[in-house]
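Novice: Here the sequence shown stands for residues 1 to 1078, numbered as in the UniProt record's numbering.
Simulated from the structure, these hints should not be mistaken for lab results.
Result set (BS3-like, lysine-lysine): computed pairs, CA atoms no more than 27 Å apart in a straight line:
hint, residue 1, residue 2
1, Lys727, Lys292
2, Lys727, Lys1033
3, Lys727, Lys951
4, Lys727, Lys705
5, Lys705, Lys1033
6, Lys747, Lys951
7, Lys542, Lys603
8, Lys202, Lys45
9, Lys1011, Lys572
10, Lys449, Lys20
11, Lys292, Lys45
12, Lys1011, Lys202
13, Lys1033, Lys951
14, Lys1033, Lys747
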Amino acid sequence: MTSDNSTAPATVPPEQRYGKWRIVAAVAGLIGFVLAILTPFLPVKETTTEVHWPQNGRVSNVDAPLVAYTPIRLDVSLPCSVVDALPAAGGTLLRTLPEDGPRPGLQGLVIRADAKNVIIADRDVALATASRADVGRAAAGCAIRFVSTPEATTAEFIGMPAGAQTSNQLSNTVADPNLRPQITGFYTDLPATTPVAGIDVKTQVDTRFNTTPSTIKLIAIIVGIASTILALVALGFVDMRDGRGHIRFMPRGWLRPRPVDFTVIGVLGIWWLIGPNTSDDGYQITMATQTKFSGYMINYFRSFGVPENPVGWNDYLFTAISHVTTAAPAMRLPGLVFGLLTWLVISREMIPRLGRAVRNNPAALWAAAGGFLLIWLPLNNGLRPEPAVVFFSLLTWVSVERAIATGRLLPVAIAVPCAALCVGAAPGGLIAVAALLAASRQIITRIVKRRGRDGLLPLIAPILASGMAYLFYAFFTPTAAALREAITVKGVTGPTLEWYEEGVRYYYLMLETEDGSLVRRIGVLTAFLCLLTVLVYMLRRKRPAGISAGPVWRLMAVFFATVVLLAFTPTKWTHHLGLFAGYAAGIAAVAATLTMAPMMRSKRNRVFFASAVLFVTAISFAARVGYYWVGTYGIPWNTMPPQLFGLELSWVLFFASVLTALYGLWLHYRRDYAPEPTKKGGRTLPTLAILTMLMVLFDVSTMAKGAYAQRGSFSWTASNLRALQGKTCSMADYVLMETDPNAGQLKPAPRPDGSVPTAAQALAGRSTGFSPTGIPGWLSPVKSNPGHNTDVTNSDVPETVGGKRNPDPKTDGVPLPFGLNPATTPVLGSSGATGLANLTTDWYALGTVDESTPLVTLSVAGPVAATGLNGVARDGRTLFLEAGHRAANGAVQPLGRLAPLDAWTNNNWRNLRFPTADLPRGTNTVRVVIDDKVPSPDAIVVTPPRMTPMKTLQEFLGRDTVVALDFMVAFAFPCQHQVRAVNGVFERPEYRISPDYMATILTSNTWQGWKTGGPLGVTDAMYHEQIVPTYLKGKWAMDWGTLTRFTPWTPAEPAQLQLGTATRSGWYTPGPMRSAPY
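Sequences and hints are given; from them, build the entire structure.
Specialist: Next up, the structure:
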């Protein structure tokens, strides 16, 4: 009896042993599913913000730049008596944008008085007016009131004397949520001594996204996650009722490395260190680091600060890292880890499932590695979400294939949340849904087959719970109503393209820009070539020997579905094509197998495939080797398609493709007269593996060449190596700036007679056709800033004397750039000159040359013959810096002339550069020489030369100076204090760092502008701008970007915020945000 009892449990059938787990799976799954659905509607705690004015018991200007531009509610009440405090000519009682900014009336509220009237104007709409005389004789109860809410905007004068209504519109109400004014603060012309009694301005800041989960919501999330995990465990036990016990997940020997593994790991490791940035690394790192201050994953550079939710979970990985460091190598670690894990899945799970012929073919594995790296390196090396999407989409496919192979459903329950993580990382994550759709028929078949044994609910409930579990993250802090509004705002601000405009993505791929660069084209086009090859072969042969037809067909279905589903993403950038990296590896492995003997015995067909490969390579080599911004520094062929010995490689490859195709045709026609050469068991050239790995080598070698070319200056290689040594400030250690250009102006040297000329006399020297009045009209007022004021309604003139909008050259002097003082900086121009216009200045004492003075600089305008980046010559007027040695007796011996370096291609104000290292030995004096041999119609304007002691941006700005970093530059300046969005209000920056001229014009100024709710809509409203002269160390002719100094249009103090808390339901909304672009 003892023996029978001891063996009884072992004889219980699996159907009975794990039967009770069906109840657990059903109940726990339903609980997890229901709680996930309820999470978006559960209450949250909102941190509220209000701004009151006046502050500290006195009338003064205060700054409170709202992240959302407009408030939830603005209430203004001013006693009519304050009008008497203004001068008789009038003035501003209250405005919400500085008066000298670009759009104070178009975007803001203005309550003002002139000599006759008092006007309440909101967004250039005069809502209410009253006679100033009537206001002046009103009783004590008279008040000027303005209330703006999402429902309506009301302006009114109350308590006015009898008869005031006859000639004025004393009140008006407009039901338009977009009439709410933008607020950067409260500004007034009222004297500080104005009594504050009766003045009451109250602003409710839009903080609907600054929330934390309530206790009940937190409990629901915890219970829901625990129930989902329990349901998955239970489903695993229910699966084991088939009696097969545990099934290995990874194949035997999966830890045994192979040469191809070392290659992939090595390439990914090298690329992590030397690889370029992506277009959005600065965008991602800013959102991630701002989360610590804003309280949510803020879309910092667009859309009025709405959250990234429900997508963007991967950005929290960078948030976690930023608590330790913001150095580029650390921030790239998630991408590196995802790359390594992706290759692990490809090589250990995907390739073996594609069939014996693929699994046992070394060339297939190398082709898979090449196909994977060709897309991964240029498209997925950075902080964008594609690396996470690729990994989890592959995990989805592998899990589904495992479910089909084993008949178990736990892999499906794992595949579904993996797909959710894909979609939650980026809209392009819809590709994971393709894997589920491709295998949906087989999955449904297995569920139906098991329904009789296990029931339907125990099988379905865990899958539903795991699929909905992503909602616990997506709505952890926000509510359903808040995210609905965020999605609405993003739909308005865009960019949003329709599904039928998907062709735009592939049009971009074929342009000669970074989006269509060689390194991007080759991987994507090769993947499509492999897809077409496998499709044709499988249609012809149906079930090739050694190929698992089912997984291969589903892999192709996923690839095709990915192409279709990408059409439904709102943007059409080519970096989304990085999503193909995982599936491209599998397709390449199959294509490599099918195009080699013994699978493809026909030599003719192998030759045609080689021709197609060469043709795709030729198309790719018709583009330049381009990456974004600093990622392209030093890279060979970054401005033109690759060439060798004057021959474009694209044409060489094209003709090679044609010749190969002609050889294939010869083999085709020869079949009618002689047997075609075939290889049944012989070895054939692994064309695809060779091509892909050669191109991987090309990618790595060109980037290494760029690092070598940039030695002594900035490159990602040098920056990342320094970061590993603890010097983490990246580009800020390489950009030099003139801290005080006026102090660096060279002093005139004494003339041979002992007299010392004035600055104006020294600049005039010996001149013909140059005069202080020879300044061309297009330089007044000056716009030396590359500028973000590209919209016609934004007429901001960044650099003028004293920040004036319309300076008078007669009284204020010629408007000068770069902070040069017109009182001490003479200017000469040749506009209006007839005949030759030449100039030889007096000699200037050079001073001490050391490491802090690497350049002599000269601010000029007009075309000047100079040397640009990479030695490219630019046409223009002949200008030199002549070096000389001044003896003790005052005599000067000329030593040679230096041609200028010029980083800009336009004719506006800029700084010519003359490296002091190039000055002849013994130089202690210099002069400027303009010596044209024939008259020129082009006017040129010059100022005295400078040799300003320089500091790096890191030395000058440090870690505490508040800086507005454009999204393209933020990743390269990790030590700078980016403007923080705290409690719905921006900090006040002192400087802005933007990328090179064209990137600023075409990208920063459009993406971050005021029409789309970007931070530039705040800074240009608040600040006058002035460019600071800066230079990239060691690469003096490179336009690296711009440092701009901010000066407030209206000086003001930072506003004091009143914080509070409120509990909001999941349905609560304070009303629509103002997101209309007008």
